[in-house]
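Trainee: Spelled out, the chains give:
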Amino acid sequence: MSGISIYKSNSLAGQIHHDLEVSAAKCYQCGKCSAGCPVATEMDYPPSMVLRMLQTENPVLEEKLLRSYSIWMCVTCEMCYGRCPMEIDIPKVMDYLREKSLKENKVNPKAKNIVKFHKAFLDSVNYTGRLSEVGLIADYKLRTFNVVQDVNLVPSMLAKGKLHFIPEMIKDRLKISKIFKKTLHKK
Amino acid sequence: MKIGLYPGCSLKGSSREYNESVNALANAFDITLEEVPDWNCCGATAAHNLNHELSLSLPARILALAEQAGMEMLVIPCAACYSRLTIVQYELNQDEELKKKVSEIIEMPYLGNIKILNVIQFIQQFILEKLPAKIKQPFNYKVACYYGCLLVRPHGILKFDRPEDPLTMDEAMKAVGADSIDWAFKVECCGAGMSVARTDVVGKLSGSIMKDAVDRGAEAIIVACPMCHSNLDMRRPDINKALSEKITTPVLYITQALGLAVGIDPKTLGLHRHFVPVNLPKKEIQTQMEVK
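Sequences listed follow chains F and B, in order. Residue numbers for the first sequence, in this note's numbering: 1 to 187. Residue numbers for the second sequence, in this note's numbering: 1001 to 1292.
Any given hint might turn out to be false.
Said to hold, decoys possible - Covered by chain B, per the in silico footprint, the following chain F stretches (three or more residues, Cβ under 8 Å):
1. 96-103
2. 169-178
What the hints assert, rightly or not - Only pairs whose alpha carbons sit at most 27 Å apart, straight line, appear in this in silico DSS-like list of lysine-lysine:
3. F:Lys116 <-> B:Lys1204
4. B:Lys1100 <-> F:Lys100
5. F:Lys186 <-> B:Lys1099
6. F:Lys103 <-> B:Lys1101
7. B:Lys1241 <-> F:Lys160
8. F:Lys141 <-> B:Lys1012
9. B:Lys1100 <-> F:Lys178
10. B:Lys1204 <-> F:Lys160
11. F:Lys160 <-> B:Lys1282
12. F:Lys181 <-> B:Lys1099
13. B:Lys1012 <-> F:Lys175
14. F:Lys160 <-> B:Lys1267
15. F:Lys187 <-> B:Lys1099
16. B:Lys1012 <-> F:Lys171
17. B:Lys1159 <-> F:Lys26
18. F:Lys116 <-> B:Lys1012
19. B:Lys1204 <-> F:Lys119
20. F:Lys181 <-> B:Lys1101
21. F:Lys141 <-> B:Lys1204
22. B:Lys1099 <-> F:Lys171
23. F:Lys178 <-> B:Lys1099
24. B:Lys1012 <-> F:Lys178
25. F:Lys187 <-> B:Lys1101
Hint data in this document are derived by calculation from the structure and do not stem from the laboratory. Here the structure is a predicted model, which means the values were calculated and not measured. Even for Gly, the Cβ is constructed at its ideal location relative to N, Cα and C.
Work out the full structure: start from the sequences and follow the hints.
Mentor: What follows is the structure in structure tokens.
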């Protein structure tokens, strides 16, 4: 990003501006994002407050954001971005905060299961190239010990031909695991 | 012209009736869709939530494979896959350096010029015009067309339909005799990927959607996304629990509804795979009376 930044270079808002070209300073707190957010009531900080916290460039508030439940509760429905009069790409900011929160081991304890679900999902893709739904659910159950969840769905899913116990494997699985090694699993 | 198909993982598993009905509908109009060879998962929500580069690379490999296979167009029925692949194509076309980097990660040449179509665009482009002549049994029901999130957002990138009050699905349904209702939840979120980790949230969000549609008289909900379908259909017990009601209104993929109208049998369209049975009452076909 060229030009003069209005942000402190080491602040979270500054990093986001540098890496994503998304500027938190544009937010004038109209609250449309929080009003339209389908999961705002489940969050510790609704989207407009996330933006406000970034604007302060206060390390204490930034730490709270990285440890928040909000960033994991966000379903990336893109409603906030769609309605933002300043066209601030909030979902992109959420992705950024999630990635950073994970890297720095700051995932909110309440969000552990959501992260376990994402990890189980990606492990399945890493091993087979595609998502094996049976593999995903089995893996998720093992990770969360929620063994009984949704077992009532199994008989009817089987009867409807919706469960496949043998995962579809793509041919070039080596390529997929290479992609994972170069990205998510990069040391 | 070779039209490619990227079904994605849901359409090979829990939403296989979507895949079945997309192909059946295409075949009824003499179109053969060819699957992208050796395609992988797009990474979905999980990838973009955890790692940006991964979320670019997985879709880029799919697009590169389609390019390699000589496909000029790629139909992507799953709204989430459609969104991911379109966003990646857009992001990489904005940034040559990033494009080069991703091309190195996937170890494949990547151009980024394939035309991506969602299922409604596919219908508009190849089916809609020929539809009236093929109708065997009009789908003459009151329907709520539910678009969800990822088919219409982010509008700046997808540039499809109107972001708050889309109409394309309504138009396609009207073409087969349906009465598409005005309602408030066309583009609200069903809870999407929280289906497993926060089923309660899905019950609540999908509950509001179902309730509004049913209160306004919908006899069927029409969708174009496997997540929307499984949340409104498979999660119906959670919806009914959240609403303290017993809603039995069925949810159909648009390809199933159009397929029924052109006389494709329900089994080929995979209607028996739904959790909420599709028992639509037979309605008299209203013949056009000459008004004097």
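Trainee: Each hint should be assessed against the structure and marked as holding or not.
Mentor: Here's how the hints hold up against the structure:
1. 96-103: holds (count 4)
2. 169-178: Coverage by chain B holds for the region 169-178 of chain F (6 residues, Cβ < 8 Å).
3. F:Lys116 <-> B:Lys1204: Roughly 22 Å between the alpha carbons, so the hint for F:Lys116 and B:Lys1204 holds.
4. B:Lys1100 <-> F:Lys100: holds (24 Å)
5. F:Lys186 <-> B:Lys1099: holds (19 Å)
6. F:Lys103 <-> B:Lys1101: holds (21 Å)
7. B:Lys1241 <-> F:Lys160: Since the Cα atoms of B:Lys1241 and F:Lys160 sit roughly 23 Å apart, the hinted pair holds (cutoff 27 Å).
8. F:Lys141 <-> B:Lys1012: holds (22 Å)
9. B:Lys1100 <-> F:Lys178: holds (17 Å)
10. B:Lys1204 <-> F:Lys160: holds (26 Å)
11. F:Lys160 <-> B:Lys1282: holds (24 Å)
12. F:Lys181 <-> B:Lys1099: holds (18 Å)
13. B:Lys1012 <-> F:Lys175: holds (21 Å)
14. F:Lys160 <-> B:Lys1267: holds (11 Å)
15. F:Lys187 <-> B:Lys1099: Given pair F:Lys187, B:Lys1099 holds - Cα atoms ~22 Å apart, limit 27 Å.
16. B:Lys1012 <-> F:Lys171: holds (16 Å)
17. B:Lys1159 <-> F:Lys26: holds (24 Å)
18. F:Lys116 <-> B:Lys1012: Satisfied, since the Cα-Cα distance of roughly 23 Å is no more than 27 Å.
19. B:Lys1204 <-> F:Lys119: holds (25 Å)
20. F:Lys181 <-> B:Lys1101: The given pair, whose Cα atoms are some 15 Å apart, holds under the 27 Å limit.
21. F:Lys141 <-> B:Lys1204: holds (23 Å)
22. B:Lys1099 <-> F:Lys171: The hint holds at about 25 Å.
23. F:Lys178 <-> B:Lys1099: Holds, because 18 Å separates the two Cα atoms, which is no more than 27 Å.
24. B:Lys1012 <-> F:Lys178: Holds: B:Lys1012 and F:Lys178 sit about 24 Å apart, inside 27 Å.
25. F:Lys187 <-> B:Lys1101: OK: F:Lys187 and B:Lys1101 at ~18 Å, within 27 Å.
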